[in-house]
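Participant: Now for the letters of each chain:
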Amino acid sequence: MRSRTGLVGLVIVVLAAVAACDSNTPSRSGAPASTQAGHPAGHTATPTTVVAADASPKELRAQFEQLLGHHALLAVRLMRSVVARTPELRQAAEAALKENTGALTQLVTVAYDDAHSDRFEQLWQRTVLDLTAYAEAVDAGDAAAKQSARADLGADADAYGSWVAAASDGRVGDAPSVMRTHVEYLTRQLDAYAAGDYATAYRVERQAYEQLFTAGVALAKGSVAPKAAATLDAPPEQLRSAFAMLLGEHMELIIGAQRATFAGAPEFEAAAAQVNANSDALTKGMGAIVGPQKAAEFQSAWAEHVEGLMAYSTAVAGSDEAAKAAAQENLSGVAGRLALYLSDIVRNELPVEPLTQALAAHDTHLVQGVDAYAAKRYSQALQMERDGYQQMLGVAGALVGAIQKTVKPQLPVGGSQTGGGGTAHRRR
Amino acid sequence: MIVGRRQLAAGATALALLAGCSQTGAWRAEPPATATSRAPDQAAGGVDAARGFRSARGYRATPVPVRIDIPKIGVSSSLIRLGRAPEGTVEVPKPWEVAGWYALGPRPGEPGSAVILGHVDSKEDGPAVFFRLRELRRGDQIRVRRADGSTVRFVVQRTEQYDKQRFPTDDVYYPTLTPGLRLVTCGGEFDATWGHYRSNIIVFAAVRT
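If you read the sequences in order, they're chains A and B. Using the numbering used here, the letters of the first sequence map in sequence onto residues 1 to 428. Using the numbering used here, the letters of the second sequence map in sequence onto residues 1 to 209.
If you're looking for bench data, these hints aren't it; they were derived computationally from the structure. There may be inaccurate statements among the hints.
[Unchecked claim] Here are the computed lysine-lysine pairs in the BS3-like style, where the Cα-Cα straight-line distance is at most 30 angstroms: (1) K123/B <-> K408/A; (2) K227/A <-> K94/B; (3) K376/A <-> K294/A; (4) K164/B <-> K405/A; (5) K376/A <-> K324/A.
[Claimed, not checked] Interface residues of chain A toward chain B, partial, derived using beta-carbon atoms under 7 angstroms: (6) A260; (7) G264; (8) E269; (9) A273; (10) N276.
[Said to hold, decoys possible] Derived coverage of chain B by chain A (criterion: at least 3 residues anywhere in the stretch with Cβ under 8 angstroms from a Cβ of chain A; other residues may be distant): (11) 125 to 131; (12) 165 to 174.
Note that CB positions come from ideal geometry on N, CA and C, so glycine has one too.
Work out the full structure, taking the sequences as your base and the hints as a guide.
Facilitator: The structure is reproduced here in structure tokens:
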């Protein structure tokens, strides 16, 4: 159960999306290059966003969702780097996961208390180690080691379930199955990836992200009183969560497809198929809010955005400087058009100019991220991924907030007069 | 629609903050990492595939619903389209024996809660199309046929009665990305002076997977 004890003076780091850009700040610890959580020389390791000690249940939920969703994807990156035998990428992914675990632990401290967060950190670190052991077993083709790692991961899931039950005073009961499903997705995607079944690997990767992102609400609910927990089931909050999940997923899937451009055609096509699946889901979601005609318009504007990003990474992978420049110029125009469209559907609740800037920032994260990846600056690539993911969720929150302000006044009011005779009353 | 200045300013500020970082933050050059076996490889063949990439297009709206069947309570009705009444409520079907779909909301089977209304009874003819709606229980089946001949199936999650003065607007009409169905009729006490029931019966259903 949530406790404020010991939280006074907690360092609050907010708006990491803003802080993330402080690329000119020297390394704070003065540590040598590449030793500070795997970050390259000259780039400060930006702390992941952590909520304030008096965060609302909604803020806790949003943070759990963000960090858990990111954890799932970083675990995918780490496990694949093992079987792909890319030690620098593995090192960067391990550092990013460590940072993610640290942020999650801080969040657990805020949501629950210090004693529970210590245990959580131990469990989470052990799960990461066991996932790595599984990946190493897959890479070595060692069936016995795989089996052993699976058993360890099952024990991790049970231990996590016990922790959640204790931390939440028994109000979150399905944690073991949530963690078992999480582990199942991660091991299945890796088995498929190692076997060259990229369609399955990328499809299951998406499932893994969605499953763990949506598990965030349970951890938030378990940390607050039942009445406060009930507010998280309200339709506006559900809408925010669903859109944030899809827009964060968009960011991550684009990154996956960008990187797959440097692999073979089968891997790229599998990654791109999931990008399109996400775009379909977003379009249908928009349709639920603005109707089919506007949804079709959204899809066209969104397609330009996605294709523009892929054109840039294709140019990078093809070492085509002219095409890179053309793609960047195109992206600038696309951001403006997409912002105009989005501002229109929320009836100018969000003005075009800052929306354009926010979309341009999203593009910049992806552009700089693929540049870093192509140059094998993996720490920077993963840093851009995390910062871009956080920034995208921030945009999602602002966009959904504006949608909510637009939608609410348009809803029908009151009950319906669907009876006139009293027959139904008399028969009772 | 009048845009609240404070809201607009807050949204603009939030977005400006979110946008600000990458506008100014140029990443420093880094020393190249050591090449590895599965590092980025320009010659791997993904570039040609990426050049052929096309984002999802050709959005097709879900066909409109034309019929509803609820075997448990013997309902089999065509569907008429409903809009909004002048006072802001959803229109109700004119014929007592026919159900209606709120056409300004989602279509059954697409993300969001599609809403279908039907009368429970009439003064002249007694029981109407949704006379037995309140008998539906968790697990009962609902079928909605659409204009293209396809059928989407729903399963009842719960049936609730609400006073009309406390109608759960958000639970029924608020946008969601989860496909669902809400069936609405009247119930509870009948106010003979008013000529209406005091409550609504609402069936909450989810797409059957």
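Participant: Hint check: is the beta carbon of N276/A less than 7 angstroms from a beta carbon of chain B?
Facilitator: holds, 4 angstroms
Participant: Per the CB criterion, is E269/A less than 7 angstroms away from chain B?
Facilitator: Interface hint status for E269/A: holds (6 angstroms vs cutoff 7 angstroms).
Participant: Go check the segment 125 to 131 of chain B versus chain A for me, would you? Three or more residues, Cβ under 8 angstroms, otherwise it fails.
Facilitator: This one holds; 6 residues, not fewer than the three required, reach chain A with a Cβ under 8 angstroms.
Participant: A closest beta-carbon separation below 7 angstroms is what the hint needs, so does A260/A meet it against chain B?
Facilitator: Holds. Min distance 6 angstroms.
Participant: Quick one, is the A273/A hint okay against chain B at 7 angstroms, beta carbons?
Facilitator: violated, 10 angstroms
Participant: Quick one, are K376/A and K294/A close enough, alpha carbons at most 30 angstroms?
Facilitator: Judged against 30 angstroms, a Cα distance of about 41 angstroms means the pair is violated.
Participant: Verify the coverage statement for the segment 165 to 174 of chain B against chain A, using a C-beta to C-beta distance below 8 angstroms and requiring 3 or more qualifying residues.
Facilitator: With 7 residues close enough to chain A, the hint holds.
Participant: Are K123/B and K408/A close enough, with their CA atoms no more than 30 angstroms apart?
Facilitator: Given that 30 angstroms is the threshold and the Cα spacing comes to 35 angstroms, the pair is violated.
Participant: Take the C-alpha atoms of K227/A and K94/B, compute the straight-line distance between them, and say whether it is at most 30 angstroms.
Facilitator: It is violated: about 41 angstroms lies between the C-alpha atoms, which goes past 30 angstroms.
Participant: For the pair we were handed, K376/A and K324/A, check the Cα-Cα distance against 30 angstroms.
Facilitator: With Cα atoms ~18 angstroms apart, K376/A and K324/A stay inside 30 angstroms; holds.
Participant: Between K164/B and K405/A, does the CA-CA distance stay at or below 30 angstroms?
Facilitator: Distance ~24 angstroms between K164/B and K405/A Cα, so the pair holds.
Participant: Regarding the hint that G264/A lies at the interface with chain B, is the smallest CB-CB distance below 7 angstroms?
Facilitator: The hint holds - G264/A has a Cβ within 7 angstroms of chain B, the shortest such distance being about 5 angstroms.
Hints 1, 2, 3 and 9 from the earlier list are contradicted by this structure; the remaining hints agree with it.
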